[in-house]
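J.: Listed below, chain by chain, are the residues.
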Amino acid sequence: MSFVDILIGIFDGFGVTASVTLWGMAYAVPFALIFGILQHFTTGPARVAVTSIIEFWRSSPVIVLLFVFYYSLPTVGITLSGITVAAMALGLNIGGYGSQAVRAALQSLDPGQVEAGKALGLRRLQILVLIELPQAFKAMTPTFINQFIQLIKGTALVSLITLSDMTFRAKEISQLQYDPVRTYTALLVAYFIVCYPATIFGRWVEKRVAVKGRSQGEI
Amino acid sequence: MQVGALMKSGSVSHRSEVAVDIVSLNKWYGTFHVLKDINLRVKPGQQIVICGPSGSGKSTLIRCVNQLERHQDGQIFIDGREIDPKARALHDLRRDVGMVFQHFNLFPHLTVLQNCTLALRRARGMERREAEEIARHYLERVRIPEQMGKYPSQLSGGQQQRVAIARALCMHPKVMLFDEPTSALDPEMINEVLDVMIELARDGMTMLCVTHEMGFARRVADSIVFMDGGRVVEQAPPSEFFTSPQNERTRTFLSQIL
Amino acid sequence: MKFNLAFAIETLPVILSALWTTIWVTIASCAGAAILGFLLEITRRSGRVMSYVMRFAIDFVRSTPLLVQLYFLYFVLPFYGITLPAFVVGIMGLSIYYSGYLAEVFKAGIDGIPNGQFEAAQSLGLKRFDIVMFVIAPQMLRNIAAPMGNYFVSILKATPYLAVIAVPEMLGEAMEVASDTFRYAEPMLTVGVVFLVLAVTVAHLVRLMEVRLLKSARR
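Residue numbers (numbering that gives the first Met the number 0), protein chains in the order written: chain A, 0 to 218; chain B, 0 to 257; chain C, 0 to 218.
Derived from the structure by calculation, the hints contain no laboratory data. Do not rely on the hints blindly, as some may be mistaken.
Cross-link-like lysine-lysine pairs, in silico, DSS-like; alpha carbons within 30 Å at most [unchecked claim]: (1) C:K214 x B:K173; (2) B:K149 x B:K85; (3) A:K137 x C:K126; (4) B:K42 x C:K214; (5) C:K106 x C:K126; (6) B:K149 x C:K214; (7) C:K214 x B:K85.
A short, non-exhaustive set of chain A residues, derived as facing chain C with CB atoms under 10 Å [stated by the list, open to error]: (8) F10; (9) T78; (10) F136; (11) A138; (12) T140; (13) P141; (14) I151; (15) L159; (16) T166; (17) V180; (18) T182; (19) A189.
From the three backbone atoms N, C-alpha and C, an ideal C-beta is built for every residue, glycine too.
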């Protein structure tokens, strides 16, 4: 097989890679937003509980999380498809990191914004949705894009639970013909093709956010 | 590096009649002509105050004296020795010229005492005991000896700047440069620093100060240099400078700040 | 098969026997990544062309999954006659992967030193070597301590990846127990708990160190 053939063969697995990534985001984004906001606003025992949940998903190594959920859930009666388990484990792990970005973005806002909202008579939830989140969004976006890229890279792990993603396809191909150099180089290239545009996009967004941010005034 | 790196062949030593001699100095930032044909002569023991609107090049000028900025045209002599703006090693020169910065620039990870002894030990190769004695002496002169063991972040702005002055003095410089030393200080701390500078002047240190403190200039300066747009517009002793400025721009500047 | 808690606890000693491996692999990889990262950053400052080359190299490493890079090293190096023990390959892989991140830590650490420090040291007549050793380096080390600590934790959480290239660290031990007894759920959960406890503890220690450092700077 030529290099290009190998590459095409690898991209056969792109469907699974994309699937797990998108479903993973479906878990990651809501988790990050909800728990980031909760962590920012809660105090006392509630905050401890929220932080514990976040830390559970964030501090565990993602490969270990994946294995634990894939192998242990069936033994307590929960049977889920491989893709669901993977999306959940990867997504919530990423969501854990994302929640920190959300919290940091909210904390970095000028408290005067909230005060102005209150002075205008807005309710706290309205202030959050109408004033804080839109501004925090700018600060969060570059990190979210980074986490998205992390997620794509993380999908390589599903090859270890026999899902037919790009990495799994590469291993299949390398078993058909012993050519590790071409096969694994192609695999690296394949992920590069997928992730690099996102990296560039992320950098572009970072620049735009920084420029806008400057007009908010510095001391 | 050695003195040889600083001496240009054929330079006439003006000897110690002149501490700092700036001759036809020109400097460009790219195409921007920031210093235009500056001539300035400072005798030993003289105090020169340089003032002017922002952007006039006054900071750039004194930064050329210790070559934190390099000039492209003209000459600068320190105690008769010409500075070579292309020389890579300027440690010798810089040991003879002390500088006090607007933002103090104390080393945050070292104590006050260590800030003062670092250059003595590393650049002059002194033993710790000797260096500490000298440091203690100058810390006493700036009236801050009890803060020896503290870190800069534990001191007020005025105290930090006095430490910075002591640190520069420890090297026994021939000339002291001051780049807006009180501009970053809260008003109540300006005087403690100015008092130290006045004492220094009385003890005969050759000083070039860029400052807006006209009261200080009136008391201490032998000559006041007014710069605008990269040029020396007017230079006169305080008695003339404040009472009868010759140039229109000088008059405008004085009316704005006094 | 139902989950057997007793068995899960039984697997603990076997898994913990590899704890030391996990730790020293982390330390070695951290050191490798720091050295490589430092060299990358120095090289980047040495010229325009090098800067772009380094940028691209770091981007490539960051746009591809660690798992795939480990596979690449593990399978490709022997093909060219370089046979290294698995743990060396693992440490290499982790060092290379994280060197890009640490290069950026060094960059921020050096850039975070105010320019006036360099000028003040120069104006005192200190030689370049002395300026770097006594003024720049101590401040840089202070600046990078906290991010370094965080990456230490990240590398710790990445060590289980090495199980896929047969390095006898904790996940590897868990997988061995699993394949011996055909029970996957229990060893996986145990190793998951161990890693969670380890990661949270080390992260906590890192934060303590941060606080102590901040106190000593007395800001």
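J.: Which hint numbers does the structure go against, in order from smallest to largest?
T.: The structure conflicts with hints 1, 2, 3, 4, 7, 8, 9, 10, 11, 12, 13, although it agrees with all the remaining ones.
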